[in-house]
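Using the hints provided, position chain P relative to the given structure of chain W.
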Amino acid sequence: MQILVDLFFTIATTIWDVLPIAIIIFGFQLLVLRKPIPNLRKIIGGFILVLLGLGFFLEGLEAALFPLGKLMAQQLTDPAFIAADNVGGIIEWWDYKWVYLFAFAIGFSTTIAEPSLLAVAIKANQVSAGSIGIWGLRIAVAIGVAIGIALGVYRIVTGTPLYWYIITGYVFVVIQTLYAPRLIIALAYDSGGVTTSTVTVPLVAALGLGLSSTVPGRNPLLDGFGLIAFASLFPIMSVMAYAQLSEWQAKRSKQPPE
Amino acid sequence: MKLLKVALNSFLDSLRDLLPIILVIGFFQLAVLQQPIPNFDEILLGVLFVAIGLTLFVQGLNMGLFPIGETMAYAFASKGSLTWLLLFAFALGFGTTVAEPALIAVASEAATVAALGNMIENSEASKVSYAFGLRITVAISVGFAIVIGVFRIIKGWPIQYLIIGGYIGVVIMTIFAPKEIIGIAYDSGGVTTSTITVPLVTALGVGLASSIKGRNPMIDGFGLIAFASLTPMIFVMAYGMVV
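Protein sequences appear in the order of chains W and P. Per this note's numbering, the very first residue in the first sequence carries number 1; after that it's consecutive. Per this note's numbering, the very first residue in the second sequence carries number 1; after that it's consecutive.
Same shape as in the complex, but just chain W:
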């Protein structure tokens, strides 16, 4: 029962990681605020559930999805696989078509499973009194991450400088900000940062590393980075686009038919 032993260690590591946060919270609570915490037992119960939950979550990912996902990233970027249908021997950017599709699909699907995005979506749903749907937000963010990672992979294949894409992205974000509904702006900016954590980062990092070590002329240490940056930029645009679309739809359905 190796997996149970591993589970125990993963939970222990999670507790260790959470310790600084717990010390800060309870330290300020006891020394500065000096007020009893309402429902203290429930809150401690909640912390324990979060720790156990993250332990199970991370251990399950390590046992099942990460090894297979990382192996897959390696196999898909392997020159033998890329050049399989290519008789001429010269590899063009289009020969990486399966890699783009994989990048898109893995970006979308890992984002849907990302716990911190779920947390923000639940909160946004509560705060907006239901007008921002949990699934609507999650899917909008996931599409953004999917497009971002696919484009990031294209960048590694073609070897163009990272900052061109990121700075162009910033210009788009600024323009969209001018036209987006005010209520969504802060949430959209937040969704850039929350998307990339526990599930997405290890798989995406494996993809970047696999690609940059097999594409001729790329250096894994220099070109392997940057996918996370794409994954944190594109959701900002997709969430604002989602809000603009729903606003436009609401306006159109209000207009009387002519």
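In case anyone wonders, no lab produced these hints; they're calculated from the structure. Keep in mind that a hint or two might mislead.
Simulated crosslink set (DSSO-like; lysine-lysine; CA at most 30 Å straight-line) [what the hints assert, rightly or not]:
{"no.": "1", "chain 1": "P", "residue 1": "Lys79", "chain 2": "W", "residue 2": "Lys35"}
{"no.": "2", "chain 1": "W", "residue 1": "Lys70", "chain 2": "W", "residue 2": "Lys97"}
{"no.": "3", "chain 1": "W", "residue 1": "Lys42", "chain 2": "P", "residue 2": "Lys127"}
{"no.": "4", "chain 1": "W", "residue 1": "Lys35", "chain 2": "P", "residue 2": "Lys213"}
{"no.": "5", "chain 1": "W", "residue 1": "Lys70", "chain 2": "P", "residue 2": "Lys213"}
{"no.": "6", "chain 1": "P", "residue 1": "Lys79", "chain 2": "P", "residue 2": "Lys213"}
{"no.": "7", "chain 1": "P", "residue 1": "Lys127", "chain 2": "P", "residue 2": "Lys213"}
{"no.": "8", "chain 1": "P", "residue 1": "Lys79", "chain 2": "P", "residue 2": "Lys155"}
{"no.": "9", "chain 1": "P", "residue 1": "Lys213", "chain 2": "W", "residue 2": "Lys42"}
{"no.": "10", "chain 1": "P", "residue 1": "Lys5", "chain 2": "W", "residue 2": "Lys42"}
{"no.": "11", "chain 1": "W", "residue 1": "Lys70", "chain 2": "P", "residue 2": "Lys179"}
{"no.": "12", "chain 1": "P", "residue 1": "Lys179", "chain 2": "W", "residue 2": "Lys35"}
{"no.": "13", "chain 1": "P", "residue 1": "Lys127", "chain 2": "P", "residue 2": "Lys79"}
{"no.": "14", "chain 1": "W", "residue 1": "Lys97", "chain 2": "P", "residue 2": "Lys179"}
{"no.": "15", "chain 1": "P", "residue 1": "Lys2", "chain 2": "W", "residue 2": "Lys42"}
Same frame as chain W, now just chain P:
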């Protein structure tokens, strides 16, 4: 009986959240790479663990992380001491980031890149000290980000001016930073915010915005994470220039 039903429902929700990953990995393995799925029962057990974990996490979120974040926001607002609130904001940002495993991994990779690019001496000792310095830099930058973010909520400033100002900072730094560091700097924005920090910081922001008169929790309460993913980019590039 009711509790069991709720638990089962949220477990099924978690399984549904995982379904896309399972489909994607299954499709690529069977249809594209045309290979069998290895260790099938181990993978099944792993998926079960992930679903259990997600279920427990969501329960704990609503019971523990959200309420404590909001309770503290209300308590600070009623105490009325800006200094303590900002100090708490800094401690929360710094403390949650400095021990973040993803950051530790990125920092040590960055040290390897720096050594290869001859920015630092290629020895174990100088790499360790470079990585440590980078971690502290990022943690300070996140602490600083939460301080600015909290200050913005109190003042009610529109977020876009600050974020766009940050973007301009990133662009200017990109021009001057050594090119080896740019990729790592851009990535460091995304990896700093962990699964426990995000709900806590979000609840803090929303709690503050709803306890201060004239603030809208939707417009003013969100945005703390956005600052925390922007400032590390600027600080890491600055670190690359100085060290």
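Can you name, in rising order, the numbers of the hints this structure does not satisfy?
3, 5, 7, 12 and 13
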